[in-house]
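2 protein chains.
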Amino acid sequence: MAPWGERLAGVRGVLLDISGVLYDSGAGGGTAIAGSVEAVARLKGSRLKVRFCTNESQKSRAELVGQLRRLGFDISEGEVTAPAPAACQILKERGLRPYLLIHDGVRSEFDQIDTSNPNCVVIADAGESFSYQNMNNAFQVLMELENPVLISLGKGRYYKETSGLMLDVGPYMKALEYACGIKAEVVGKPSPEFFKSALQAIGVEAHQDKN
Amino acid sequence: MAPWGERLAGVRGVLLDISGVLYDSGAGGGTAIAGSVEAVARLKGSRLKVRFCTNESQKSRAELVGQLRRLGFDISEGEVTAPAPAACQILKERGLRPYLLIHDGVRSEFDQIDTSNPNCVVIADAGESFSYQNMNNAFQVLMELENPVLISLGKGRYYKETSGLMLDVGPYMKALEYACGIKAEVVGKPSPEFFKSALQAIGVEAHQDKN
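Quick note, the sequences are listed as chains A and B, same order. Those letters in the first sequence? Residues 70 to 280, per our numbering, in order. Those letters in the second sequence? Residues 70 to 280, per our numbering, in order.
The following block holds chain A by itself, in its conformation from the complex:
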């Protein structure tokens, strides 16, 4: 295998995941993964473009960035590509008014969105808010629509917390898909559009990421 310098010769930009890559989430704000604070600083000091690309959907970008800065990372809100703002853009473009099945921590990202008389459902990693009542509300909204639209922020199966494995949004997305006989639109990784929007933000095209 070629040495790093050579292998990076054609690389113009770097997309960094956050949870499990830069830090491990958990009680008290989590902990930085050894070497990651320095790695981010070194990348940002290089000729490479850097963007943070996360499926985090329990927190707003502001909260996430605040947490990372306290851990020593040089990161600002404008450098983060996250599913909630991407979903908001879609909602505005298509005139959609969502029923929000989301975590309270991310609700502020939807402040500018009209949620009256919903004509779609947005589902995210809602944690404890995945109650039967809330799931049933989302289900009833979908069943009353002629063309039900379900937008899911990611489709992860589960994630790890210090307390153990936790169900992510994916299983609940599948539940609503099955109940209504529909297919969700996934916003966030692994959707190609999501990666493209992250690249667009740093002015790099996908075909340029390797020579």
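None of these hints come from the bench; they were simulated from the model. Do not take every clue at face value.
Copies of one chain are not kept apart here, so a pair can be met inside one copy or by any two copies together.
What the hints assert, rightly or not - For lysine to aspartate or glutamate, the following EDC-like pairs were computed, each having C-alpha atoms within a straight-line distance of at most 20 Å:
id, residue 1, residue 2
1, K229, E213
2, K113, E246
3, K265, E75
4, K229, D86
5, K229, E246
6, K113, D183
7, K113, E213
8, K229, E215
These figures come from a predicted structure and were not determined experimentally.
Position chain B against the provided structure of chain A, taking the given hints into account.
Same frame as chain A, now just chain B:
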């Protein structure tokens, strides 16, 4: 089309569904569907064998039968084929100790089952008990098993109550299937084994139900 008498000539037995066929569930014990009390009486007075075959899994058979008798039906517990007792038989045969993700109303059906140190999950229409915490408990039990076994009492998408459409067990079964990358074993309709056990109880074979 041949008249009824002729068409029934080869028929030896009748399996009757309960919810939505004999009665509509709802507040205060529900209501009998017009003509159904008389139809059951007439069938039971005929030469035909009759068995009640339900996917009801929010109530024990005792509770269900009590409710139906109060509505005027001639029905006893021993005439009902339901998923919970069928599941109990499977659990005993295979030495399985379930984590029960079920409605409190059906818990008495599992009184004789060892639920210590679970090595499988049984999921049923749990209603409000489908909390994130309970779903995550079931998920964690499955993820710790080398060969995860998930038994689902039915796989219905939803049912209708007077208050509106309600999510049934199926969507939650799909959620756990996706989270764990497994396939559930469905006990109850539409499983052929379930229908066969109902027929067995009245001494009729499937090929005899039509001439």
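Now the hints, each set against the structure:
In this assembly of identical chains, the alpha carbons of K229 and E213 lie at most 20 Å apart only when taken from different copies (14 Å versus 36 Å within one copy). For the identical chains of this complex, K113 and E246 are neighbours neither inside a copy (41 Å) nor across copies (42 Å), given an alpha-carbon limit of 20 Å. Taking CA atoms no more than 20 Å apart as the test, K265 paired with E75 passes in neither setting, with 25 Å inside one copy and 68 Å between copies. In this assembly of identical chains, the alpha carbons of K229 and D86 lie at most 20 Å apart only when taken from the same copy (15 Å versus 43 Å across copies).
For the identical chains of this complex, K229 and E246 are inter-copy neighbours only, at 18 Å across copies versus 25 Å inside a copy, given an alpha-carbon limit of 20 Å. Proximity of K113 and D183 under a CA criterion of 20 Å is satisfied in neither setting, with 37 Å inside one chain copy and 58 Å between copies. Taking the closest pair of Cα atoms, K113 and E213 never come within 20 Å of each other, the shortest separation being 49 Å inside a single copy and 41 Å across copies. Taking the closest pair of Cα atoms, K229 and E215 come within 20 Å of each other only across two copies (19 Å); inside a single copy the shortest separation is 38 Å, beyond that limit.
Hints 2, 3, 6 and 7 from the earlier list are contradicted by this structure; the remaining hints agree with it.
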